[in-house]
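**Student:** Sequence:
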Amino acid sequence: MEKVHIIEYQEKYNTEVRHLLYTTLRYVGLPKDCMTPKRDADLDNIGEIYQGRGRFWLAIEGEKLIGMTAILEDNHETAKLRRMFVLPSYHGTGLGQLLLSTALKFAREQKYVKIILDTHETLGRARRFYEKKGFNKTHQEGRIVHYELYL
Numbered sequence: 001m002e003k004v005h006i007i008e009y010q011e012k013y014n015t016e017v018r019h020l021l022y023t024t025l026r027y028v029g030l031p032k033d034c035m036t037p038k039r040d041a042d043l044d045n046i047g048e049i050y051q052g053r054g055r056f057w058l059a060i061e062g063e064k065l066i067g068m069t070a071i072l073e074d075n076h077e078t079a080k081l082r083r084m085f086v087l088p089s090y091h092g093t094g095l096g097q098l099l100l101s102t103a104l105k106f107a108r109e110q111k112y113v114k115i116i117l118d119t120h121e122t123l124g125r126a127r128r129f130y131e132k133k134g135f136n137k138t139h140q141e142g143r144i145v146h147y148e149l150y151l
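Under full-length UniProt numbering, the letters of the sequence shown match residues 1 to 151, in that order.
No lab work stands behind these hints, which were simulated from the structure alone.
Built from N, CA and C at the ideal position, the CB exists for glycine as well.
A couple of the hints might just be wrong.
To be verified - List of simulated lysine-lysine pairs, DSS-like, C-alpha gap at most 30 angstroms:
| hint | residue 1 | residue 2 |
| --- | --- | --- |
| 1 | K3 | K132 |
| 2 | K3 | K133 |
| 3 | K105 | K3 |
| 4 | K64 | K137 |
| 5 | K64 | K80 |
| 6 | K132 | K114 |
| 7 | K80 | K133 |
| 8 | K133 | K64 |
| 9 | K105 | K137 |
| 10 | K133 | K114 |
| 11 | K105 | K64 |
| 12 | K64 | K132 |
| 13 | K12 | K105 |
| 14 | K132 | K105 |
| 15 | K137 | K12 |
Unchecked claim - Restraint ranges, calculated between C-beta atoms of paired labels, are given here:
| hint | residue 1 | residue 2 | range |
| --- | --- | --- | --- |
| 16 | T93 | Q10 | 32 to 40 angstroms |
| 17 | E109 | D42 | 17 to 25 angstroms |
| 18 | R39 | K137 | 15 to 23 angstroms |
| 19 | Q10 | E141 | 27 to 35 angstroms |
| 20 | G62 | Y150 | 31 to 39 angstroms |
| 21 | T23 | D44 | 31 to 39 angstroms |
| 22 | G62 | H139 | 34 to 42 angstroms |
| 23 | Y150 | Q97 | 32 to 40 angstroms |
| 24 | E2 | E121 | 17 to 25 angstroms |
| 25 | Y27 | E2 | 27 to 35 angstroms |
| 26 | N136 | G62 | 33 to 41 angstroms |
| 27 | N14 | Q110 | 18 to 26 angstroms |
| 28 | S89 | E8 | 19 to 27 angstroms |
| 29 | S89 | Y150 | 30 to 38 angstroms |
Between the sequences and the hints, there should be enough to build the whole structure, so can you do that?
**Tutor:** Rendered as structure tokens:
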């Protein structure tokens, strides 16, 4: 792996953000009903939605987008970890940890008390990653598993 830079979202990567998302979801075999324009509406206006106490980061190697993550304000004390994706060929390289560390550092700086996230029950690798990093499962709604981490 070449030198990876974590940068805040730049509009020039918008098409690549969607490509990374759908490439990763197809790779892990997520059902097609999880890949809908409505569910991904935030990607239409990343710069506006992830501002203030939120951010959207990109992991860039050379000029290639290889990972991403985001923090979105839920309420004054709680932030949502969103859009945590790494290209499958970079799984196991520490890139996920680097992205998560970036998001958690920002969340602490913003004085959030808790981080929440949800993921699909079929994403075992992601669920194990979050659990290993201290996230606790709070509940499950259908096939969506919810987690939280107190900072």
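**Student:** With reference to the structure, classify each hint as holding or not holding.
**Tutor:** Okay, the hints, checked on the actual structure:
no. : hint                           : verdict
1   : K3 - K132                      : holds (25 angstroms)
2   : K3 - K133                      : holds (24 angstroms)
3   : K105 - K3                      : holds (21 angstroms)
4   : K64 - K137                     : violated (33 angstroms)
5   : K64 - K80                      : holds (26 angstroms)
6   : K132 - K114                    : holds (17 angstroms)
7   : K80 - K133                     : holds (15 angstroms)
8   : K133 - K64                     : holds (27 angstroms)
9   : K105 - K137                    : holds (21 angstroms)
10  : K133 - K114                    : holds (14 angstroms)
11  : K105 - K64                     : holds (24 angstroms)
12  : K64 - K132                     : holds (28 angstroms)
13  : K12 - K105                     : holds (25 angstroms)
14  : K132 - K105                    : holds (17 angstroms)
15  : K137 - K12                     : violated (36 angstroms)
16  : T93 - Q10: 32 to 40 angstroms  : violated (23 angstroms)
17  : E109 - D42: 17 to 25 angstroms : holds (22 angstroms)
18  : R39 - K137: 15 to 23 angstroms : holds (21 angstroms)
19  : Q10 - E141: 27 to 35 angstroms : holds (34 angstroms)
20  : G62 - Y150: 31 to 39 angstroms : holds (37 angstroms)
21  : T23 - D44: 31 to 39 angstroms  : violated (19 angstroms)
22  : G62 - H139: 34 to 42 angstroms : holds (41 angstroms)
23  : Y150 - Q97: 32 to 40 angstroms : violated (19 angstroms)
24  : E2 - E121: 17 to 25 angstroms  : violated (34 angstroms)
25  : Y27 - E2: 27 to 35 angstroms   : violated (21 angstroms)
26  : N136 - G62: 33 to 41 angstroms : holds (37 angstroms)
27  : N14 - Q110: 18 to 26 angstroms : holds (24 angstroms)
28  : S89 - E8: 19 to 27 angstroms   : holds (24 angstroms)
29  : S89 - Y150: 30 to 38 angstroms : holds (33 angstroms)
Of the numbered hints given earlier, the model fails hints 4, 15, 16, 21, 23, 24 and 25; all others are met.
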